[in-house]
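Keeping the supplied structure of chain G fixed, place chain L upon it in accordance with the hints.
Chains G and L, in that order, are what the protein sequence lines are. Take any residue in the first sequence, count from 1 to its spot, add 1: that is its number in our numbering. Take any residue in the second sequence, count from 1 to its spot, add 1: that is its number in our numbering.
If you are wondering where the hints come from, they were derived from the structure by calculation, not from laboratory data. Among the hints, a few may not be true.
Which copy is meant is left open, so a pair is good if it fits within one copy or across any two.
Computed list of lysine-lysine pairs in PhoX-like fashion (alpha-carbon distance at most 25 Å, straight line) [to be verified]:
no.	residue 1	residue 2
1	K128	K281
2	K128	K25
3	K252	K237
4	K200	K252
5	K83	K3
6	K202	K281
7	K271	K75
8	K200	K255
9	K136	K3
10	K177	K252
11	K83	K52
Each chain is listed here by its residues.
2 protein chains.
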Amino acid sequence: MKKVYIIGTGLIGGSFALALNALKLEVLIYGIDHNEAHLETALEMGIIHQKATLSDIQNADLVVLAIPVNTTLKLLPDVLNKVSLHTLVFDMGSTKSAICKAVENHPKRAQFLANHPIAGTEFSGPKAAHLGLFKNKTNIICDVEKTDKNLSQMAINIFEAMGMNIRYMDAEAHDKHIAYVSHLSHISSFMLGKTVINKEKNERNIFDMAGSGFESTVRLAKSSPDMWAPIFEQNKTNVIETLDEYIQNLKHFKSLMESNDFEGIRNEMKNTNHIKTILKGIS
Amino acid sequence: MKKVYIIGTGLIGGSFALALNALKLEVLIYGIDHNEAHLETALEMGIIHQKATLSDIQNADLVVLAIPVNTTLKLLPDVLNKVSLHTLVFDMGSTKSAICKAVENHPKRAQFLANHPIAGTEFSGPKAAHLGLFKNKTNIICDVEKTDKNLSQMAINIFEAMGMNIRYMDAEAHDKHIAYVSHLSHISSFMLGKTVINKEKNERNIFDMAGSGFESTVRLAKSSPDMWAPIFEQNKTNVIETLDEYIQNLKHFKSLMESNDFEGIRNEMKNTNHIKTILKGIS
Chain G
2 MKKVYIIGTG LIGGSFALAL NALKLEVLIY GIDHNEAHLE TALEMGIIHQ
52 KATLSDIQNA DLVVLAIPVN TTLKLLPDVL NKVSLHTLVF DMGSTKSAIC
102 KAVENHPKRA QFLANHPIAG TEFSGPKAAH LGLFKNKTNI ICDVEKTDKN
152 LSQMAINIFE AMGMNIRYMD AEAHDKHIAY VSHLSHISSF MLGKTVINKE
202 KNERNIFDMA GSGFESTVRL AKSSPDMWAP IFEQNKTNVI ETLDEYIQNL
252 KHFKSLMESN DFEGIRNEMK NTNHIKTILK GIS
Chain L
2 MKKVYIIGTG LIGGSFALAL NALKLEVLIY GIDHNEAHLE TALEMGIIHQ
52 KATLSDIQNA DLVVLAIPVN TTLKLLPDVL NKVSLHTLVF DMGSTKSAIC
102 KAVENHPKRA QFLANHPIAG TEFSGPKAAH LGLFKNKTNI ICDVEKTDKN
152 LSQMAINIFE AMGMNIRYMD AEAHDKHIAY VSHLSHISSF MLGKTVINKE
202 KNERNIFDMA GSGFESTVRL AKSSPDMWAP IFEQNKTNVI ETLDEYIQNL
252 KHFKSLMESN DFEGIRNEMK NTNHIKTILK GIS
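The shape of chain G in the complex, shown without the other chains (with noise of 0.2 Å):
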């Protein structure tokens, strides 16, 4: 019986338990988790089969991070060091590069794997776990040539029969490809919902006129801040460089508005309508 030990049982550490325990071999899964609700709740829902903490890990096979980004720059150099010289660890976080410097040289580097699956919801907590969150969806692997081959392969073993397809990239790429798809998204989204905010005062009016185009571009403003801060940390110069450019375009199309250029706005509006060759793809 293979010993999984889950740090972080919200949304994302929750659907790979539930992922896992479909997968029907033969593992226990515990949980680990500092919101001793969420743990509670994991536990009664059935995504993990016990409450752990930390100072269990040293028996374990597997040990998942799945926890904001700024926890697991903290705790990944401890838990690796409490771990026994089998085991593999890897994390699921949205950023790479910070989280790999800081076991650059840690002694056992090779177990650790640096992981990050594009899967996710605007929702968080274990309530939020659904198996099949992971299923086609793409697995970013970084720096895949620093873990120990077999260790490796074990993890790519369980997402590939999870559904997932692996992408292979280095950390500093990862972050800066993610900062254009991912992270800008977010912040578009979060601060056109405080623009929207700020000027209805009287909400009835969002309510009464706001189209699901509205609800689509703002979903990601109901993400979890605990989680997106560190991110937009760890990533900060990349965003601040997609912002930069996200910026000058919205600039520009005010002025080409300004100018009452709207065979130039509709040109704009043009050559972006191309990104409905590339999104047929991600579906």
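Just chain L, lined up with the frame of chain G:
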């Protein structure tokens, strides 16, 4: 047998025709469209019963304008000139002030109802039309007091039978609010798409790394430029105001990041999470 003429047999006009058919009233639905292919498709799909031209509308009981707002602006006075003294004319456009102004002194002003159903998708053309597009959606009627009471009541009866919730507003207020909850969403989405496309010349990376979060925030960037350029033109002042505030909020977010104030970033997000409560009423 009442005669209904629908000018513009695309997503909105087509969906309206389908909903009208489903009410099983004694109506004959004529389609008018400068796009002959759309008109043929609408006829083949049974969306309209017959093809017609503008010179036929003297026989109309009801004329519905479901075309881009710049074309409505040009066409509406002439449509009112042509119809008989008992005909109701309403539009479906996303802007209201300019359209109302264009006919404010028209002798048949009382036969026109300024109307905006908050419904649509990012797709266009008759093939995108579907029954149920308007069900449970808000329909905003502007300056209702300027329309003959019997005629506005006829329209309201139809909208309510289609399952729409009616709200009343003056045209200026409509344009101001809708700039925030709809027009700005489209710009934020188009510019997000542009920013990502420009950066990620290698589309493979977008394709692989973009999750459903990115997809929902850029969904509106698939929208029709021919429909949206005229909307931005007619609502220029309000849209520029919203865009200014949006850019200011993004700049503020960026400056918090630059000064490493991630507690401030967290608060920005926490305050905007409040959008959850507002959105609950929408979907």
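Tested hints:
Proximity of K128 and K281 under a CA criterion of 25 Å is satisfied inter-copy only: 18 Å between copies versus 30 Å inside one chain copy. Proximity of K128 and K25 under a CA criterion of 25 Å is satisfied intra-copy only: 22 Å inside one chain copy versus 45 Å between copies. Proximity of K252 and K237 under a CA criterion of 25 Å is satisfied in both settings, with 22 Å inside one chain copy and 14 Å between copies. Proximity of K200 and K252 under a CA criterion of 25 Å is satisfied in both settings, with 20 Å inside one chain copy and 17 Å between copies.
In this assembly of identical chains, the alpha carbons of K83 and K3 lie at most 25 Å apart only when taken from the same copy (17 Å versus 81 Å across copies). For a Cα distance limit of 25 Å, the shortest separation of K202 from K281 across copies, 17 Å, qualifies, whereas the shortest one inside one copy, 37 Å, does not. For the homomeric pair K271 and K75, the shortest alpha-carbon distance between copies (24 Å) is at most 25 Å, but the shortest distance inside one copy (46 Å) is not. Taking CA atoms no more than 25 Å apart as the test, K200 paired with K255 passes in both settings, with 19 Å inside one copy and 21 Å between copies.
Only within a single protomer do K136 and K3 lie at most 25 Å apart by alpha-carbon distance; the minimum there is 23 Å, versus 53 Å between protomers. For the identical chains of this complex, K177 and K252 are neighbours both inside a copy (23 Å) and across copies (20 Å), given an alpha-carbon limit of 25 Å. In this homomeric assembly, K83 and K52 come within 25 Å of each other (Cα to Cα) only inside a single copy, at 18 Å, whereas the closest approach across copies is 77 Å.
Hint compliance for this structure: no hint is broken.
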